[in-house]
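Novice: Keeping the supplied structure of chain X fixed, place chain H upon it in accordance with the hints.
Residue numbers (the working numbering), protein chains in the order written: chain X, 1 to 317; chain H, 1 to 558.
One or more of the hints may lead you astray.
What the hints assert, rightly or not - Below 20 Å or equal to it, Euclidean Cα-Cα: the simulated EDC-like pairs (lysine to aspartate or glutamate) are:
1. Lys181(X) - Glu492(H)
2. Lys505(H) - Glu291(X)
3. Lys314(X) - Asp73(X)
These are calculated hints, taken from the structure and not from any lab test.
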Amino acid sequence: MNRRDFLKKTAKALALASVTGGTGLLFHNRKISRYGAIATKANDFEVAASVSIPRIALARNPDPLTALNRALDAVGGIKRFIHPGERVTIKPNIGWDRTPAQAANTNPILVGEMVRLCLDAGAAEVIVTDVSCNDPRRCFIRSGIRQEAEKAGGHVILPVQEDFVRTNLDGELVNIWSVLKYFVFTDRFINMPIVKQHSLTTCTIGLKNLYGILGGQRHQLHQQVDQSIVDLAAFCRPTLTVVDATRVLLHSGPQGGSLNDVAIENSVICATDQVAADSRAVEFLGLNAGEVGHIALAEKSGLGKIDYRSIGYKEVV
Amino acid sequence: MSIKTVRNLRRCSQIVFFLIFCWLILKTNFEVGFTPTDITEIKLPYPVSIALQFDPLVALATLLANGTLYKGLLWSLVVLIPTIFLGRFFCGWVCPLGTLNHWISEIPSERFRHKGTRKMESNRYKKYQRIKYYILFVFLGAALVGTLQIGLLDPLSFLARSIGTAVLPMIHAAAWGLLDWTKGFGISPVSTAAQSIYDLASQILLPYRKVHFHAVLTIGVLFIIVLILNRIFTRFWCRAICPLGAMLGIFSRFAIFGLEKDESTCDHCNQCLLSCQGADNPDIGFRWRQSECHLCLNCQAACPNNSLKFKFFPNQKVSKTNPPGTPKVDVSRRKVIASVVGGVALYPLFRSGDIFEVNANPRLIRPPGAVPEDDFLARCIRCGQCMRVCPNNALHPTLLESGLEGVWTPILIPRIGYCEPTCTLCGQVCPTDAITELTLKEKVGNAQTQPIRIGTAFIDRGRCLPWAMATPCIVCEEWCPTSPKTIYLREEVTYNRHGDKVTLKRPYIDPDLCIGCGACEYACPVADEAAIYVTSVGESRSPDNQILLQRKVRNKTS
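Here chain X stands alone, though its shape is the one from the complex:
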């Protein structure tokens, strides 16, 4: 071995040794984030309240379209809520593979009409979506909502795994959770629940309907159901809550299945106070809002009024 070979070999070995050692040191105990970015809600969905306009109205009419329009007009009309160029997300209850008559999902005619109203008010895009329990390909069609919403020009989205974003809900209990992105990145949010009996929360109306924005293991939230619902309501604060009480599911909720479980009530509630909306709607189930855990807690947390008559309740036909 001559000097040149000796130097060359040694230099190469040293170089490799320092790269190896350096790599080890560089990555030693490196903190890595295991999850991607965490989203936060970009927009405030609510519109400013006005003293002269009631915060809640109920319309009773055998024609669901009339009922919806009357109730909506009584709380200020669609133009008050939807402004030209805005992106609107409508969240009906599309939880189950059930027909409209079985009253497990929101009345499709109301959803279609709501889409039409938003588009007429100048909305740039109206998204209709929900995180169904049963296979969404069945739920969206069987409920009739896909057809009605698309006919009206809405953009119906069946959520897939890629559509969920890890979001900071910043609640007492529910913090980082996987949320369907159309409920996070939008301008206006219209909650369109149906009135149903529920064995744990006694009722599922607008507040409980918000479970449907979540992905992940949302069934675990039932362990502290009241607080988790209130956290969701505080996060969402919908622009408008439109309660479908045309048909009400009295038993075997929230899925139903038999027409014997259904009562015809021909009513629609529109409200800018989501607690008031539920408080009025539980009466269809023969309940008192003050005794419903999550509604009571929602009022206590300052999300709205149980005593809906105190905020200008109006009943029209």
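Specialist: Below, chain H alone, put in the same frame as chain X:
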């Protein structure tokens, strides 16, 4: 028409049939519209299992095993009868697995470096090509006594299963990973481009939701092995393993179409042998074997002197140095009988074990409409179509849940997906009636008729939140689809660890109402092992696997 044109026709035919086969598997998917006004029947728009119904081996084996030719299996005659006259045209022109093996065998590799003798010799007829006949007769022997094992190696079942439960889910997982990886760069044009490619792929290739299959490892690895074998021997599967190829080889015994060799013009360049797919000795000086020939026509196209010709009623000029072709299969009668006997012996071997009769797996939940287990094992060809079509990813290939006898037959795993009460797709795609085609009315039942049950749910009170942990939870009851609900709640008082009184609702099960759909087990929030689970007891298909005496009596009399 020149021979080169005919060869090109053969290539087109291979491509077309391969694409049709893949398209049918892609369409074995729930992507249909229906009217919402009533509970309507949901039907697939295409006969997606039709390719399997053209399979003569499936037809013959199911005929032997259960005495009928189900539904579309008569189509298999469209393949079988021309084979009697022409030979194994199916292998060279139609079979999608054969085509795949053909293509992979043609990829240049180190094997091709030994161009001359070595490749030539590897294409000469070999004794190992008899294996496929033994496999065929073992399977036919087994089918004869009622255990259908043909699906393990039948090429169409094999390919449908491999693509449906292994290849497509792998593509999905890979696409997903790639998308995630590109998004990790945080460069928006890159992630937008990746997203649009992904969206395009999901339009064509990927199902609505990512699926995960239970026994995918065994299926995937076997598929890869079969493909890799082509790198060692050209079309090893087709030459040595394929029982359908063997069956068609036997049926070409009286073929009127064949190879005519003209020794006088041959200069022994061996081009024919180099290009041979089936290793059937096309070159002059060796005995051509009808039963091994795929009719790919490569030899005729390769011959520079027109010494080889495929024609009807070939007239072979025989000489001392040019033996005549033979239609006979190179298997002795003794070995055929031994194989059949071996196949017959599989039945007592399987059934004397415990899993079938006395120690059945309680988690062996068969799809709704599945026929009784004995009959099921005589019908299922393990093609995986039911698993592919199931919208909830509920159906999976078994590993050993139904013993070695039932490897890759469908099992419902409720933790992964439950049986959608209004869905009847698995029965619609089953090509052999292992899963009976149900109407919606038959499945859900009504006041007069019982619904189809696939099992019964049980609560594990040691894991259930309200039972064991004084914590409220009603998710199973919420998800229960029967009306009235099978799972009912009772308000009860319990104490937490501090001795405080806690009032909560606890779930109970009414076994008379339970249909075993598994929605409760699927939705149970106890993340790993659910606190409510379904076992097969109570399944409609079995009169004996019951709990309730009342139902046992009813089943026996009806």
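Novice: Each hint needs a verdict: does it hold in this structure or not?
Specialist: Hints versus structure:
1. Lys181(X) - Glu492(H): 40 Å, violated
2. Lys505(H) - Glu291(X): 17 Å, holds
3. Lys314(X) - Asp73(X): Holds, at roughly 11 Å.
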